[in-house]
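Enquirer: Take a look at the letters that make up each chain.
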Amino acid sequence: MIVCENVAKRFTLHNQGGAVLPVLSGASLRVAPGECVALTGASGVGKSTLMRMIHGNYLTEGGRITVGGVDVSGADPRTVLRLRRERLGYVSQFLRVVPRVPARDVVAEPLLAVGWVRDAALARAEALLARLNLPRALWDLGPSTFSGGEQQRVNIARGFAHDYPALLLDEPTASLDAANRAVVLDMIREAKARGAAILGIFHDATARDAVCDRCVDMGAFRPQPA
Amino acid sequence: MNMHATPTPDTPLLSVRGLTRTYGARIGCADVSFDLWPGEVMGIVGESGSGKSTLLSCMAGHLVPDTGEVLFDMGGTLRDTLTLSEPDRRRLGRTDWAFVHQHARDGLRMGVSAGGNVGERLMAVGARHYGDIRARAADWLDRVEIAADRMDDRPTAFSGGMQQRLQIARNLVTGPRLVFMDEPTGGLDVSVQARLLDLLRGLVREMGLSAIIVTHDLAVVRLLADRLMVMKDGRVVEQGLTDQVLDDPQHGYTQLLVSSVLQV
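Which chain is which? The protein sequence lines are Z and Y, in order. Per my numbering, the first sequence runs over residues 601 to 826. Per my numbering, the second sequence runs over residues 25 to 288.
Please keep in mind that the hints were generated in silico from the structure rather than gathered at the bench. Since this is a predicted model, take the numbers as computed values, not measurements. Note that beta-carbon positions come from the ideal geometry of N, C-alpha and C, so glycine has one too. Check before you lean on any hint, since a few could be wrong.
Said to hold, decoys possible - Quick list of simulated restraints, FRET-style, between CB atoms:
{"#": "1", "chain 1": "Z", "residue 1": "Q616", "chain 2": "Y", "residue 2": "S215", "range": "20 to 28 Å"}
{"#": "2", "chain 1": "Y", "residue 1": "L87", "chain 2": "Z", "residue 2": "G819", "range": "50 to 58 Å"}
{"#": "3", "chain 1": "Y", "residue 1": "D166", "chain 2": "Z", "residue 2": "R664", "range": "44 to 52 Å"}
{"#": "4", "chain 1": "Y", "residue 1": "A171", "chain 2": "Z", "residue 2": "A619", "range": "40 to 48 Å"}
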């Protein structure tokens with residue numbers, strides 16, 4: 601479902617004398633439907649960078665990335681937008697939303713985007729927020745004032761609202777307590793059971809061992825110094 | 025059944041090709057080309073004098089470009105709006121196209137009531153029944169969160185945010201397919217901006233609108249636009265998916281723009 605072949609990335613900083621920062625080279629992996637794969641390696645090794653490239657948020661410089669047969673590297677915006685809407689979910693570490701939009705609507709939005717009627721979308725959003733133990737009093741409020749853990753749960757609910765065939769999870773359990781971490785791990789297991797291909801970053805080794813089928817060490821994809 | 029099919033059309037709604045406008049020796053905008061697809065929102069950013077407003081004016085037919093084409097899907101075929109007859113172009117401006125000005129007073133009739141401002145657009149496309157017109161105007165005022173008891177007030181009695189919402193209602197009441205917006209949230213308080221952004225996002229999704237938004241505010245395009253075009257000195261220096269251009273900018277000027285934004 602998710603395939604990276606010989607992927608390379610470097611950043612060129614034009615306003616700092618054209619400094620070039622090589623981040624990845626020769627990165628290859630594949631994630632099959634129903635499988636959860638963890639990216640591992642020290643901070644700064646390029647785990648989030650690779651996830652962002654798969655999501656189309658960073659450009660791919662060399663190699664090829666496909667999701668469900670759709671070529672992300674070099675795709676036009678329209679293709680990436682459609683892929684994100686229908687097939688590729690992403691739970692990032694940060695929640696970016698229009699200020700003051702209620703949490704419930706933030707979670708329902710991906711469903712509305714694929715054509716759900718409003719009432720059904722809101723009902724599913726509420727069920728997810730309830731499952732993640734977000735207090736009902738917060739559902740009508742914009743998440744920008746929520747605590748880190750509350751924002752993270754809104755973000756997870758949003759990422760799991762639509763049954764995407766492929767999911768990217770960047771530290772989905774990072775700021776959660778034990779009870780909510782267990783809920784998220786259950787949601788990941790259910791997504792696997794319905795056949796989703798999942799690629800994740802989990803610093804918490806217990807969480808990683810609980811849901812991941814195997815690990816890919818990103819240290820192997822470090823560019824060689826010129 | 026919760027889902028309805030989302031159609032994926034094969035022709036762009038708008039296709040801009042080689043659009044150039046100069047002011048004597050000075051470049052307004054030069055050789056701008058892109059396709060806009062149904063349902064897409066495109067942002068155009070750049071600093072003052074970058075040519076973004078000139079480009080918008082040329083596309084919307086307010087300014088005549090020196091060269092280039094502005095092709096619009098009319099009944100399944102792309103037609104160059106720059107060579108349309110004047111009556112056809114005016115009709116386009118009243119039906120399929122809408123233009124939201126930065127200053128609401130440029131897009132409103134300040135001496136006419138709020139209801140009249142919305143109803144007037146309906147009459148321009150042939151509505152005649154007073155009761156129907158008033159009912160549809162009331163419905164639109166409600167959608168942009170203007171209270172029913174303000175319907176007979178003139179926009180001069182409205183706040184800046186209300187005037188802007190009224191302008192949006194006036195523009196969208198006729199069900200356009202393409203909306204041009206020039207700094208739609210400029211000059212408004214931050215709290216009013218947020219509400220307007222949410223309103224615009226909802227309307228764009230519900231009506232399947234396409235929009236082109238000119239702004240200098242990167243936060244606005246991040247939240248509203250699917251795609252982004254960055255202009256400098258009249259030329260497009262970079263374009264792509266909005267979050268990609270903002271998070272992984274390739275051009276030195278875009279990198280400078282992104283790194284210059286104040287964080288709160």
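Enquirer: Broken hints, numbered, in rising order?
Expert: 1 and 4
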